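**Q** Here is what each chain is made of, one letter per residue.
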Amino acid sequence: MHMEKYLILNTLSYPVLSAIMLVPLVGALISLLIKDEQRLKVFGLLVTLVTFVLSLPLFTCFDLHTVKYQFAELRPWFSLLKLNYVVGVDGISVLLVLLTTFIMPFCILCSWRYIAKRLGEFIFVVLVMETAMIGVFISLNTVLFYIFWEAMLIPMFLLIAVWGGARKDYASIKFFLYTLCGSIFLLVAIVALYIKTGTFFIPALMDQEYSFAYQMWIFLACALAFAIKIPMYPVHTWLPAAHVEAPTAGSVILASILLKMGGYGFLRFCLPMAPAATLYCMPYLIALSLISIIFGGYLALGQTDIKKLIAYSSVGHMGFVTLGIFLLNDQGLKGAILQMINHGITTGGLFIMVGMIYERTHSREIADNSALGMIIPIYVTFLGIFCLSSLAFPGTNSFVGEFLVLLGAFKKSAVVGFLAIPGAILAAAYMLRLLQRMVWHDSDGHGHHHDEADSEDHGHALTDLNFREISMVVVLTFFVFWIGLYPTPLLKIMDASVAHLLQQISAGGAVSPVDPHAGHHALLEFGSWFKQIMTF
Amino acid sequence: MQVMLILPELVLIVMVLVLFAASLKKIQGIALTSMALAGAFLALVATVLASCASGTLFVGAYQVDGLSQLIKFLLCGGLFLVFFMCRSLSGIEEEMVNEFYLFLSLSTLGLVMMSSAVELLTILVCLEISSYALYVVISFRRGEGRRSEVEAGIKYVLFGAAATGISLFGLSYIFGLTHTTYLNEISAHLPKMMSSQPMAVIGMVLMLCSFFYKLAMFPMHAWTPDIYQGASNETTTFIATLPKVGAAALLIRLVSMTGTGISEFTWVLVVLAVLSMTFGNLAALVQDDIKRLLAYSSIAHAGYMMIGLLSGNQLGMTAVIYYIAGYVLMNLACFLVIYYIAPRGENITFADLKGLHRRSPVLAFTLAAGAFGMAGIPPTVGFTGKFVIFTSALEKGFYGLVVIAMVNAAISAFYYLKMARAVYCQGEEEEVQALPLGLGVKAFGAFLIIAIILVGIMPQGLMNLADQAVAALL
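Chains Z and D supply the protein sequences, listed in that same order. Counted from 1, the first sequence has number 297 at position 297 by my numbering; the numbering is strictly sequential. Counted from 1, the second sequence has number 445 at position 445 by my numbering; the numbering is strictly sequential.
If you are wondering where the hints come from, they were derived from the structure by calculation, not from laboratory data. Watch out, some of these pointers could steer you wrong.
[Stated by the list, open to error] Restricting the straight-line Cα-Cα distance to at most 27 Å, the calculated cross-link-like pairs of lysine-lysine (DSS-like) are:
(1) Z/K117 - D/K418
(2) Z/K492 - Z/K82
(3) D/K442 - Z/K174
(4) Z/K117 - Z/K35
(5) D/K442 - Z/K117
(6) Z/K35 - D/K192
Source: prediction; values computed, not measured.
Extracted from the complex, chain Z is given alone in its bound form:
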């Protein structure tokens, strides 16, 4: 069958992709039988670690010189609609799969003490979540993709709604409905593509040529789902609520992996399937990205809740990702993908740090957690590292990603580049503000005495990081610096796939939007005017 030409079937001794997807699910089912809490935690950790180990061959055995989908598996599934179970990874998704399997053990570890109730259900939900997330990244079939995409909603909803904070009801329902509303149009697009082409197979869908109007519909339907997920201004409002209320593990999953699915969706659906529409919409999406960057950073600057601050900083960071994606050049795309990985590690680390301090002081307010430098020095050291990484300090991982994106931006147009710069400055401002207040005294003198009394309280109650916590952050820190200093292996992995993607866009972008129905004129004119500004 013609599907094989897009695939390199798995040659490892075990079906690696199905294995890493199913191991957590099987583990989840087994975890229902375990009653003892300590054993449950160890079991959950073991399952995620085994999954991670099983996924390592994806890194070591990855063929850098092909754009085909590797480690692929192909099985018939549902003949009435010619559906196949087909999974595989390319240079983009393999990194995200690895990020997922890498982050998940941390989600169990950071919940060691945080989750006080219903631990069995917690482990179950987290493991089911891992299956669904890996499934999204490895699916090469739109229906399979959608099933995993939607299946993530239930465990994530439960994570927020059961183990969340004070406003968990509001946050969980907002998260659920927001994401669901986004993805219903994705489903319509998926079915519409099937009816047009007769296939659900993603690589084959990329190879088709569609008319411009059709591409626009597909692009808009998909982009809404992904823009909500990533999240992009103006559909970002679910994120702060969800982040703040979710337990630490939930925040880490959200920030590190769930948000990446939006970016991945853009790269997998919008760009290759609707290249002409992508080119047409590029200025608007760049503008929205810039707004996200500045708006997110600006809002982060005003937050008093640490988690909320990081949540808004995520909006800004993901703005850099979408900016990189829609620059549609080599540096931008690579920077965006790298930035997704970086954000996963850094913001995941930051949320873990917030969780740690919350376990100690039971507050996430900056004011309640100030002047910790003297009391818990190890903690603030690592906090400092993650904060610096988050503001893209040279030598840390985010610097490479943001630098590449900015490079791409300046290559595209000076205006875009200069508009993105304030975002980077804002990041420095809010992160340093956070760091300064948490490590040293509030220099304004505002509430000084109160703080002092507080810090004395801390002095008695606060303990520094224990072995479990240190080992977690050390591993994350290692990756912060490794990617910061030597990002070449990651860039090499995505090299071929990014080049292929760009080629697909330039080949498919030739479909011209010249189909001016009378009513479209004004829009087109506005578009060209807007484009002139943005490509100055």
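Could you slot chain D onto chain Z? The hints should help.
**A** Positioned in the frame of chain Z, the structure of chain D alone reads:
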């Protein structure tokens, strides 16, 4: 082997007679329950044995084909599950227990016969057999004040009688236009008339009203909330599942008569589907009584099924059968929980669901599977059903309709989510007592959960059966 053709019917008739004899002798308790269960099980076995039968009987008025046999299997399987689930009959007047089994079996017999009927008057007679039995059962509820259940019973009768009257009126139009009451002969004339004769469109729509009534489809939906609320939990479980299977089968037969083209008739159905979905979902948002909520949600689901029907293609019809089978499973999951939370057969509200996960994890998960399934979240049968239905509609170009349906699915997610939230996230502080559940109930819950998920991710088997069943019609 002519007997093979009507083996399920014969088994059901014998079962009805035996139950009738038991009611004369006032045999109750475990003996009666086992009798009913054995009868339903034998009927189920009979449908399996007769699954490959095909042929016509009674001068062509009764046709045994793939569709009828599949529907009979679903009906008898559903009857067995309902009997098994409700075997304690805690909500039924004690002296009416015999009649409860008797009339439900009789109603199922009517539905089973209806799935094979291919002549309009035969269809109507079968429909009435199944309806009349239900009219009686609705007021069997145990309780001090008999008001609400009697009200429900009377409403069901009045609406049912009105719907039948309208149907007969429509039937007279169709008969007048085609001079026959046999479906295969009507279908030879009807597709042409659908575009040229307004009378044919009006006649068809009016004729379908009885089935809209059974399926709780707009505009014949008004009885649903009151009957769901007023009837006992056992009866509601039955009404919410089996008659809808029968109605869906008949609608497939009748709608497929009008041909595969898009005609005025199709657009009428489009409007009805949109109204049904939207009204059902919006009204369900504000309900507190779970049975009332499920009533409104059933109105919405009737709308989704209508989308598959009006698509008129093979995929759409296949999807409707798949969807109705899945809908039975998901509905049973919800009613199982309702039934066992209310030991004295009372109605339950959201407040009763709180903290269910601590009272019984199995029931909590069953309800979650049912609710998320009905919301159409993968990997459940509800998602796969909606997905295939929407695919069939998009194949016909109904983009706007599918978008409306998707928006509706998103709206409905809210109240299903409310159920899941009550079960899993509320009632943390209160002291709750574990529900005393037998192994049978837990196993039944587990069976429903597994079925909802497994049929959802491996739809191949059921879809192929449904596909073969409708292939002969088109």
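**Q** When the hints from earlier in the document are held up against this structure, which numbers fail?
**A** As far as the earlier hints go, 2, 3, 6 are violated by this structure, in ascending order.
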